[in-house]
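Undergrad: Given next are the chains, with one letter for each unit.
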Amino acid sequence: MLIDNPGILTTVQDLGRVGHRSRGINPSGVMDRTAAVLINTMLGNDENEAVLEMHFPAPEIEFENECSFAIGGADFGAELDGRAIRKWSSFNVSRGSVLRFGHRTSGARCYLAAAGGLALGEWLGSRSTNMFANVGGYEGRQLRAGDRIGLLAPRTTKPHTIGPSILPKYSRFPTVRIDASGEFELLTAISERSLLSGGFTVSIDSNRMGYRLSGPPLHLLHHKEMVSAAVTFGTIQLLPDAQLIVLMADHQTAGGYPRIANVISADLPLLAQLGPNDGVSFHLVSIEEAELLSAELERDLCRLRTGIRLLG
Amino acid sequence: MRIFPLGDSAATIEFGNEVSVELNDRSIALATDLESDPFEGMIEAVPAYASVSIFFDKNVTSFASVKAILSRSAGAAAAERRYVSNLIEIPIVISGDTSADIARVAQFADIDEDAVLDLFFTRTYRVYMLGFLPGFAYMGEVDERIACPRLETPRSKVAKGSVGIAGKQTGIYPLESPGGWNIIGRTDRKMFDASADQPCLLKPGDEVRFVRC
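Here the protein sequences come in this chain order: A and B. Using my numbering, read the first sequence as starting at 1 and increasing by one per residue. Using my numbering, read the second sequence as starting at 1 and increasing by one per residue.
Source of the hints: derived by calculation from the structure; they are not laboratory data. C-beta atoms are modelled at their ideal positions from N, C-alpha and C, and glycine is treated no differently. Hints should not be assumed to be uniformly reliable.
[What the hints assert, rightly or not] Among the chain B residues that face chain A by a calculated CB cut under 7 Å, a handful are:
#1 10
#2 19
#3 38
#4 39
#5 48
#6 50
#7 51
#8 59
#9 60
#10 88
#11 90
#12 108
#13 121
#14 136
#15 153
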């Protein structure tokens, strides 16, 4: 694949670099895990195969050889050789085909996977781009015009489209489920009510590291002295200005602010597709419910994998 | 001690909420024990100042099971050192160029800049934990007299190798990054090297001596 035009922020990501947090090496990885897993699965790839994560304005990509690819996640008005194509579908392309994205209709991040996977080296077991350390992915950086990415084992596959029942229920104003974390119990009664009944707006100051939310000010019953401890993708921290931040894929490994809750992993994709001025509300669930919901999602994905394998 | 979920794929066991060698030793000991004998589904055990966060595969195990394991092993992990603590010397350059905030620290302490450096170089610092950036070590404790709080407004760019003070903590920026610590010097030692087998020079429990060069 030749990047003719890089778009505003296109990086190579897989499901993240796990197992190195104790050295301060954050996992990176796709923001919308479900989208990446679905399009990889559709192509018969391993679910952890590296994909392109694209923001809008999105790149223009030329296929220099025959291959199959699939797109999913946000809807950026994809066009293959000038013809509109649907997301959550896979396509075979011939040499010289060009993929463009015309206009953003929904979501913040669109993903592209290619059958056979992207031929890039791994760093600490992952192809995700770590933009702080400038390693992983494509030379540790976002893509530029003229970059070329080969495929590990290029092949063409039978085109598929994923049925709507399994797709994430994206919205500009989703309700995401959270489970209580370390300092939840310290919220005042009013703040707990505000957290669970109010709407929060994703501020302009939001990116792959985290989303700053603006909403009703939240307070703890008393000030708590905190020493730094681990945080993770989805951790909701209360900042000194009484506003919330949700940590996203490029989060730091440790933080020293009160940890109010975590967005459950099954709902992180809903958050991943929000942009500035979109809104979010929170619904509290128990850790057991969070685990059940995650297991349900896993079962659905498993069914999809089996289905695709049977279809060939 | 308490154990709480950090999302649906991790659990944190917290021994306290202060900077203390004893609590940190306990955290490192538990993380070391878990890493050397991981339970089924464990991904990693991450020690911090006074806690350990255990990441696990939620398709294999659950918070309740991990909590039960942690309750048992936390008791077993005594507050004794069962890890190797290396003493590492880090040469640092002090100059107008590399020590942008030394005057600010001197003003905070109400002593001259040389006295600040004397206080800083006298101590051996312990690495409590890694975080913030790949290979960034949170070290302590800095002499109270020069424990200058962070800058009100963080810099958008702090040079790689910069040595900073933030309250009683000291740390070395392994990479160029934004940051709000008071910068008093700079080292050439690589704190992080992506191409090395062991990309990070320091690990929790190590000790560091700064030497002026």
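Undergrad: Min Cβ distance, residue 136(B) to chain A: is it shorter than 7 Å?
TA: holds, 5 Å
Undergrad: Does the interface hint hold: is residue 38(B) within less than 7 Å of chain A, judged Cβ to Cβ?
TA: Result: violated, 10 Å to nearest chain A Cβ.
Undergrad: Using 7 Å as the Cβ threshold, decide whether residue 48(B) counts as touching chain A.
TA: holds, 4 Å
Undergrad: May I ask you to test the interface hint for residue 90(B) with respect to chain A, counting a Cβ-Cβ separation under 7 Å as satisfied?
TA: Hint violated; residue 90(B) Cβ to chain A Cβ min 17 Å, cut 7 Å.
Undergrad: Using the nearest Cβ pair, does residue 88(B) come within less than 7 Å of chain A?
TA: violated, 15 Å
Undergrad: Hint validation: residue 121(B) versus chain A, beta carbon distance must be below 7 Å. Holds or violated?
TA: Hint on residue 121(B): violated, closest Cβ of chain A at ~25 Å, above 7 Å.
Undergrad: Answer holds if the nearest beta-carbon of chain A is closer than 7 Å to that of residue 153(B); otherwise answer violated.
TA: violated, 14 Å
Undergrad: Double-check residue 19(B) for me: the hint is only fine if its C-beta lies closer than 7 Å to a C-beta in chain A.
TA: Residue 19(B) check passes; min Cβ-Cβ to chain A is 6 Å, inside 7 Å.
Undergrad: Hint validation: residue 59(B) versus chain A, beta carbon distance must be below 7 Å. Holds or violated?
TA: Result: holds, 6 Å to nearest chain A Cβ.
Undergrad: Taking the closest Cβ pair, is residue 10(B) under 7 Å from chain A?
TA: holds, 6 Å
Undergrad: Taking the least C-beta to C-beta distance, is residue 50(B) closer than 7 Å to chain A?
TA: holds, 6 Å
Undergrad: Quick check on the hint: residue 108(B) CB to chain A CB, less than 7 Å?
TA: violated, 21 Å
This entry does not satisfy hints 3, 4, 9, 10, 11, 12, 13, 15, going by the numbered hints stated previously.
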